[in-house]
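What follows is the residue order along each chain.
Number of protein chains: 4
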Amino acid sequence: MNKEIDGLKKWQQKIHEVIFGYHTFAGKLFDLVLLVGILASVAIVMLESVREIDANFSQEFHFLEWVFTILFTLEYIARLLSSPRPLKYALSFMGIVDLLSLIPTYLGIFIDGAHALLVIRSIRLIRVFRILKLTHFMGGAQQLADALWASRHKVIVFLGSVLCIVVIIGTLMFMIEGRSHGFSSIPKSIYWAIVTITTVGYGDIAPETVVGQTIASALMIVGYAILAVPTGIVTHELIHADKKNNLGSCPRCGQKNLPKESNYCFNCGEKLKEL
Amino acid sequence: MNKEIDGLKKWQQKIHEVIFGYHTFAGKLFDLVLLVGILASVAIVMLESVREIDANFSQEFHFLEWVFTILFTLEYIARLLSSPRPLKYALSFMGIVDLLSLIPTYLGIFIDGAHALLVIRSIRLIRVFRILKLTHFMGGAQQLADALWASRHKVIVFLGSVLCIVVIIGTLMFMIEGRSHGFSSIPKSIYWAIVTITTVGYGDIAPETVVGQTIASALMIVGYAILAVPTGIVTHELIHADKKNNLGSCPRCGQKNLPKESNYCFNCGEKLKEL
Amino acid sequence: MNKEIDGLKKWQQKIHEVIFGYHTFAGKLFDLVLLVGILASVAIVMLESVREIDANFSQEFHFLEWVFTILFTLEYIARLLSSPRPLKYALSFMGIVDLLSLIPTYLGIFIDGAHALLVIRSIRLIRVFRILKLTHFMGGAQQLADALWASRHKVIVFLGSVLCIVVIIGTLMFMIEGRSHGFSSIPKSIYWAIVTITTVGYGDIAPETVVGQTIASALMIVGYAILAVPTGIVTHELIHADKKNNLGSCPRCGQKNLPKESNYCFNCGEKLKEL
Amino acid sequence: MNKEIDGLKKWQQKIHEVIFGYHTFAGKLFDLVLLVGILASVAIVMLESVREIDANFSQEFHFLEWVFTILFTLEYIARLLSSPRPLKYALSFMGIVDLLSLIPTYLGIFIDGAHALLVIRSIRLIRVFRILKLTHFMGGAQQLADALWASRHKVIVFLGSVLCIVVIIGTLMFMIEGRSHGFSSIPKSIYWAIVTITTVGYGDIAPETVVGQTIASALMIVGYAILAVPTGIVTHELIHADKKNNLGSCPRCGQKNLPKESNYCFNCGEKLKEL
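As given, the protein sequences belong to chains Y, C, P and W, one line each in that order.
Residues in the first sequence are numbered consecutively from 1, following the working numbering.
Residues in the second sequence are numbered consecutively from 1, following the working numbering.
Residues in the third sequence are numbered consecutively from 1, following the working numbering.
Residues in the fourth sequence are numbered consecutively from 1, following the working numbering.
Quick caveat, the hints were computed from the structure, so don't treat them as lab data.
Don't take every hint at face value.
Using 27 Å as the maximum straight-line C-alpha spacing, the simulated DSS-like pairs for lysine-lysine come out as follows [claimed, not checked]:
1. P:K3 with C:K271
2. W:K88 with W:K9
3. Y:K271 with W:K271
Facing chain C, according to a computed beta carbon distance under 10 Å, are these residues of chain W, among others [claimed, not checked]:
4. Q12
5. G201
6. T231
7. G232
Computed from a predicted model, the values in this text were never measured in an experiment.
Even glycine gets a Cβ: it sits at the ideal position worked out from N, Cα and C.
Excised from the complex, chain Y in its bound form (with noise of 0.2 Å):
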């Protein structure tokens, strides 16, 4: 009986290692193929958007479908049975997707508008970014992330900042421009003030008065001087991170910025780190 328990142990630790491992063969083919499963099902999901290309090959891509769903959900029972904490996994971000990208396809058997659903199926792309995780592009989003959160007060000013001049330029245009040219109503001008700041501009709705047109030069040449402050953000908080990475001070002469990875100090010679 206990035997049996560890053999189960074993298997379960196996698998868990061809999982969610990296460093193993098998683990490395695992993710290669599970890279090529995702990517495959998520250009199904759009191929068969394209009409043409649906009107031929429908039963091939409801077939193929069912192929992958079927193999997701084996990897899914596979990663609840071997992870030491089922129930964490299943409630971890990674494992509400695993989850979600399954779901469509059985819901297509019961309802049939499973359209509203395809969102839901282009969300396994998210999957990709476990293979990613695992590497050592991690340390480059780590940074990323880390530079966004500590910047997070500024960008929430920033932002708040756009909104407010966004609402008031729109209600103006509104104002000034009118029903007739295309300004419809508040939202309207305010959706067109958001693509004329971040200098999308669609033209689908322009300013045609004299006025109008001089207010969205204003707002353009506003975007464009806006546009600097968020990038300053993010390059202030990428180097300033850069430096609180260093090893601090040296105890005995002061020294600051010390390299990570000294052993003695620059300055005066202290030894740092046992050798």
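Following the hints, put chains C, P and W in place on chain Y, whose structure we already have.
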């Protein structure tokens, strides 16, 4: 009599704490209610402008507008009364914004074309900043404002150059493309040049001759390179500000911007740290 | 005789002070009047081009244009006479701009098509910079110019790469989309590629085939990533320039990056300047 | 016999100096002639594609194309002969570009549809870089390339996130806007999302429903904020690279990236400067 004044003072202080403060539970609750009120009243201004919605809820919107105006009026009076210096508050930026956001509804009784006052009603949104102001977002806003203020000379030189380029290129394009291609006057050509150099690019006016498209291409690439300048300025100031904010001023001579690794004040030679 | 020359010299000096200087009250007033004059004369050039306005005020504009031209001519003569080296002034950049901005009106007497000289008249705007030049904006401008000059090699390499990408992608799109989709020649395709890579995006020409849209998407993302490069360069140079403006190292302890205004070394307290 | 070989070797060396070198007068002249030749031959490719010009000068263009091709062929042979390792040159990037830029004209004799080879002819432009390569622009290019290479992990994470956002939003918009508003398939919706997030904004496809415009607004603001990230990365790397290039490596242990103010190597404690 003295007691009465004391009682009044106490009351005034209590109201002041609730309205202007944000440390007590009542103060926080007040801020939250105000925030919801402001957002709701701005939302109503927006929804009123959508023809289909206004057709059905015109009455309700009118009623709600009055409710919010009366509430904001009461708040304004409370602020005036509880403020230790009512006049100073009334003439402050926020005091004027508070007053301005009330007027349009009252004016609407006398004047028919309250349409023109829509913008003023949307100005209410600025009041949201007061609430943010009280929190820890203030630090981020202050840093941004400092960076922008410190770089004002460079930004003005930069905007001046952009305006110069835009006027000269605008005149050139008016001559080359002419009225038949949409460049109907020099101001309109300048509008086009601004739309182009800021990379908005509506496409409502676009060059059609070969020479015009060549000049436009040059303008775009210049705009592209120029985009780098304000970003560089702001980033530089943010990093610079960071360095300046380090040690504070010298206790003897008051010299500011001491480098953080200072042992002595670089102005008067005062010893700052025990060595 | 000698006295006469002395008197003339004094007059010349006085005029020089008023026209070129900006420390005396007269000098400041002159600058202000000149600024208003330049802006007004450029405004007239613009308004003349608006058909509806020109129809009613053509005569007035013509009269004002002559008034400004005569005033600027007198100013030009005064500058020539009061300058210690008239020829040097006449051949300087600003001297040529001053002269150029006069010519079009005089030429208009002899030649009928003064239309083509509009641009030259708008060049007057550059003269505004002289007035700014005299003030403390100069520092900011110098810093910007230095940063741009220091990064010229990188900017040229960058622009060269962009041009290369644009030519190759332009040729590719001409082949793929062809004349029927608006890509009527390689130069026009290159124009489209520039409009796209700079994120202007007029939409007057847009890819319609699947392959074309895929290449366009790639081009946009490349353009997006590439936008980072000039910004990085300029920011880097601005920060670098800042460091160079430091004082150098302490002669006693060798501490680097001493602030420009240091009297004492902030590390060892060594006296750096005679007070 | 030996003398003959020696003479040949000398000749080979001389040709090598002219073609590959840039120190002698002949070498500089050769580079200049080549530069003009390359630019002229690319200009011909462009002009040929303009129907009106090609109609009149078709014969001349054909003739010039052959002249350039023969000249470039001779240059290619000279490079092969004078190169100390002909095969290494032939298989290098520049060698392949040199060969590729010759083939289309020769192929045009046998195959009729040389149209498809236009792009390959425009690739000649890359050869210009060889000439720039030899000059002091190289330093700038190297610094840029290093900065981009050092930030590759972050850039890949960044592009991955952008692609993820673009696919999910594209699918969402396909569902919301649907085929009747131009979002005819998911790939096309993704194309629209890329056009929007990169702030290009052609306007050939634009959301028309309220929900669609709201999502589009959110996407634009995200794109706006995201634009800051690659800029921050590149700027950070440029500044970082600058710092790394300061003192060089330790003479004892070879440790790189020593801070410029080091007195001792922070890795092995070796004394670097006399104190």
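Quick rundown of the hints versus the structure:
1. P:K3 with C:K271: Roughly 62 Å separates the two Cα atoms, so the pair is violated.
2. W:K88 with W:K9: holds (18 Å)
3. Y:K271 with W:K271: holds (13 Å)
4. Q12: violated (43 Å)
5. G201: holds (7 Å)
6. T231: Holds - the Cβ of W:T231 comes within 10 Å of chain C, reaching about 7 Å at its closest.
7. G232: Hint on W:G232: holds, closest Cβ of chain C at ~8 Å, below 10 Å.
When held up to the earlier numbered hints, the structure conflicts with 1, 4 and fits the remainder.
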